[in-house]
Every structure is written in structure tokens, then in C-alpha cells.
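What follows is each chain in one-letter form.
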Amino acid sequence: MAAAAYLEMRGVAMRFGDGAQAVSALDSIDLSIAEHEFVTIVGPSGCGKSTLLYLVGGFLRPTAGGVYLRGRGIDKPGPDRGIVFQRYSLFPWLTVRKNIGYGLEEKGVARVERDRIVGEYVRLVHLEGFEDRYPRELSGGMQQRVALAQTLACQPDILLMDEPFGALDAQTRRILQDEVRRIWRRDTKTVLFVTHDVEEAVALGTRIVVMSARPGRIKEVVTRGFDVADGEEFEANPAFAALKLHIWRSVKEEVKAARG
Amino acid sequence: MKMLPLALLVGAWQAAASAGLLPASVLPSFWEVAASLGGMLRSGEILPHTAASFGRAGAGFALGVAGGVVLGLLMARVRAVERAIEPILLLIYPVPKPALIPLFMVWLGIGDFSKIAVIALACLVPVVIAAYNGARSVDDMLIWSARARGTAQGRLLWRVVLPSALPQIAAGVRTAIAVAIIVLVSSEFISAETGLGYLIFSYGGVGADDAMLAVVIYLAVLGYALDRAYLAGLRRLMSWHAFAH
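Sequence lines, in order, name chains A and X.
Sequential numbering of the first sequence, starting at 60, is according to the working numbering.
Sequential numbering of the second sequence, starting at 20, is according to the working numbering.
Since the hints were made in silico from the structure, they are not lab data.
Keep in mind that a hint or two might mislead.
A short, non-exhaustive set of chain X residues, derived as facing chain A with CB atoms under 8 angstroms [unchecked claim]: (1) 166; (2) 168; (3) 169.
The C-beta atom is built at its ideal place from N, Cα and C for all residues, glycine as well.
Pulled out of the complex, with its shape left as it was, chain A reads as follows:
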């Protein structure tokens, strides 16, 4: 057997509820992810793609199989795996500064050092001047920037993103996609990014995982054979268009299957 992958899912199945009411969300998932990869997971809604992410996060335990990080089974959440949700990542009662510094405070980092690090991440996501605002005073796009900074400030090895830009308008989404790619290149973190947006999946992922309708299985895994530069108008790239069409057709079959 080859050396264990960085992040590995082996025979993972997930069922919710029991007896006749049991719903099978995921079935026979095998997936290996190398360090520094940017993997996007795309599929019809209800296919269990977010559940897959929550298993890696350690928020849920699989019904069968296991999820391993550096060969060790994941059994609980930890700051080595940061997560950004579509909503509810931020604590509404904390200011932007305190939200970003939350993980550092939990780790016991002293105030002065904490403020210095928070300042760095505030600049990274372009939120200078908003440090003392509360989340509800910010736009959806700015809230997601704070959530990203909050997650990055914990210095996770893996960045889990659960449709983080799903609630944003198209322009804001495009800008934030570029930022995430830029941060991934800079920090060479491993990113696992769930989306239902095929274009987003192709624009960000160096590998794209397509999932089937429920129970979610891995339908195909496509390695993107070309780079997408920050700010690139990828609409003009024929290779991009071809891959997007391929993935779209693959997902569309599953959407149809889900509607039965």
C-alpha cells in the first residue's frame, strides 16, 4: 500500500436517523487529498457535500468508514481545520476585531500580540476601519471577509469552506473568489471548498469532485489541467469553457436524477 495520503476518506457512509425513517446522506466515499491541494466539491443540493465537509471538520462522526488526517482518525473539531459557513460563522456579539481574534484568545495569545496578528488579517481581507463594527452592521460580503480572516487567524492546516459565497451577489462573489485563491497561493493551505456553482468549482479547484444525487457518492474527479490566474477573465479561455460545460453536464444529470 502506498504512503497514507494527507487527508483521506475511506469507505465513508453517513446515515441520519434510524429504522424506516433513516436517510442515507453519503455512501462509499473514498477520496484522497494531497497537502496544498485546492479541491472543490460540486453536486446537486441535498447530495451530502456539506455533510462530507462536516465529517472532515469533526462536527459529525461517520456511520461507517473513517476520515484520516496524516493517518490519524478525525474524531472531534480542532483549530487545525478551520471552517467558513455560508452564514453563522461569526459571533454577533463580538466586534470584527474580537471575532478575528477569537481563536487567538482561546489559544491564550496575549492581548498585544493578538492585536498585532488581528491587524495583519484585517489588512489581508481589506477591512481597515471596520475593526470596531459588529457583524450586523456589515454587508454580507464583508461578513464573509471577516469569517475568512477569523478562520485564517487560527492558522489552520486545512481550510473548509461550506458554500461560503452562496448568499452573495455575483460581483462580490467573484472578488472574494480571487481573494481566496490569492490566500491559498500565498499560504499554500489545503482547501476543501463545497459549492453548487459549477463555474466557482472550476475557477477555484485544482481538482473538482462531482457528487451524485442522494445518497451522495463520488461520481467523478477531474483534475484541472490549466491554471486560473487571479483576476483572469476565464470566460475567454476555451479550456475553461470546455471544462465548465463538462462538469455542468455531469451535475445536470444528477439534478435530474434527484428530481426523479
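Here the structure of chain A is known, so what remains is to put chain X in place on it, guided by the hints.
For chain X alone, kept in the frame of chain A given last:
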């Protein structure tokens, strides 16, 4: 503008009395009541009674709110506590708390302790329910978010559950302010030698309706002022939350 309906009511009351439509034996005129209240304030006789009442209500309220928050959060997070407390709470909920005053007097005497205990119990109920519901409706994702940012299981209650539940707790505490005043006055009706409830009861007993109503209006104004001050304080302290009104 907000005061207009109130002004109309007082105007109608006074007009009816002036026109002779309202005999003094049914309801004294507004002016008589206002004059009586003015006299009590000028002589200062109402002040020691106010202090005695607010001492009792404040003590009971503080105990009830503190106990209610702790109990409500524990019920939401610890299954055994929920099982033990919920049936008792549901049983106490519909009981008019003043009905328990005689029983508390048997246990704690006719002095301040029994009054404070009944007020505390009455204030506890809405706060427990608010804290329990608030803590149970915390979004899973917020808990997960905290866990993925290094918060240990045991610290979730303090770091996430309590602050998430604060808006609901604040609403429960607002109810408790009104409840404290209601139960306070009831308890002072039954046995007291000081307090605003005692004043109302004793003026009513000797047929001094104008003085009795003066104390009732004084109490209403104080209660209103307390509620306004509470809401204003809440908006300042909890500016992170979008209050509905």
C-alpha cells in the same frame, strides 16, 4: 404623539367628573387624585414606602433573574436537569404566584423574607423559560464555529450559549420587571406595615379613594419609567443585536 391616547383618557375622566356624570363615590376626579399625589410627594410621606417596596422587589427580582438564567441554561444543556426541572416548572407556571404567599409566610414568617421569596419565584419563571428557549435555539453552526476555533466543549456554555441566548433572556427579564411589581403589591396587601401595596390597601380600606388612586398612578409611572430605562440601557449595552422595537 404616543401620549395622546393617555391624555384623551385623562381628559375624558376629568370632564366626566366636572360635568357631574361621575359621582365621587364611584371615582374621584383626576384633579383630586393629582392633588393627593402632589401632597404625598411634597410631604415626602410616600418616599419611605417607596424605598421599602423597591428593596423587596429589587431583592426578589435579582434572586429570580440570577437563578432563572443559571437554571434555564443548565436545563438546555444538561439532560438530567431538564428532566428534573421541566415538570416542576410546568406545574408552577400557571399558578398565580400571590396564591403562594400564605404558604411562604408559614415557612418564612410574615416579614420581608416571604415577600422576597415569592417575588423571586415569580420572576424566576419567565427568565428560566427565556434562557432555556434562547439556549436551545443556538445555531449548531455557531457551536461548530467555536469548536473549530479552539473552544473546548466545557467552555461553550460561557463563550457561545449564554451570549447567543442574551436577547431572549433580556426579553424574559423585561417581563420579570412587571411581574416583580405585581407580586410585590399583592404581597404587601396581605401583610405589611410599609410599602406602596400597604398604602393602597390601607387608603382603600378607609375609603380614601383619591389617595389610593394616587398611589396606584405613582406606581404605574414608576413601573413605566423602569421599563423605559431598562430598554434604553439594553439598547446601549447590546448594540450588537437588532431589537425589534
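Evaluated hints:
1. 166: holds (4 angstroms)
2. 168: Hint holds; residue 168/X Cβ to chain A Cβ min 4 angstroms, cut 8 angstroms.
3. 169: It holds, given that the least Cβ distance between residue 169/X and chain A is near 4 angstroms, below 8 angstroms.
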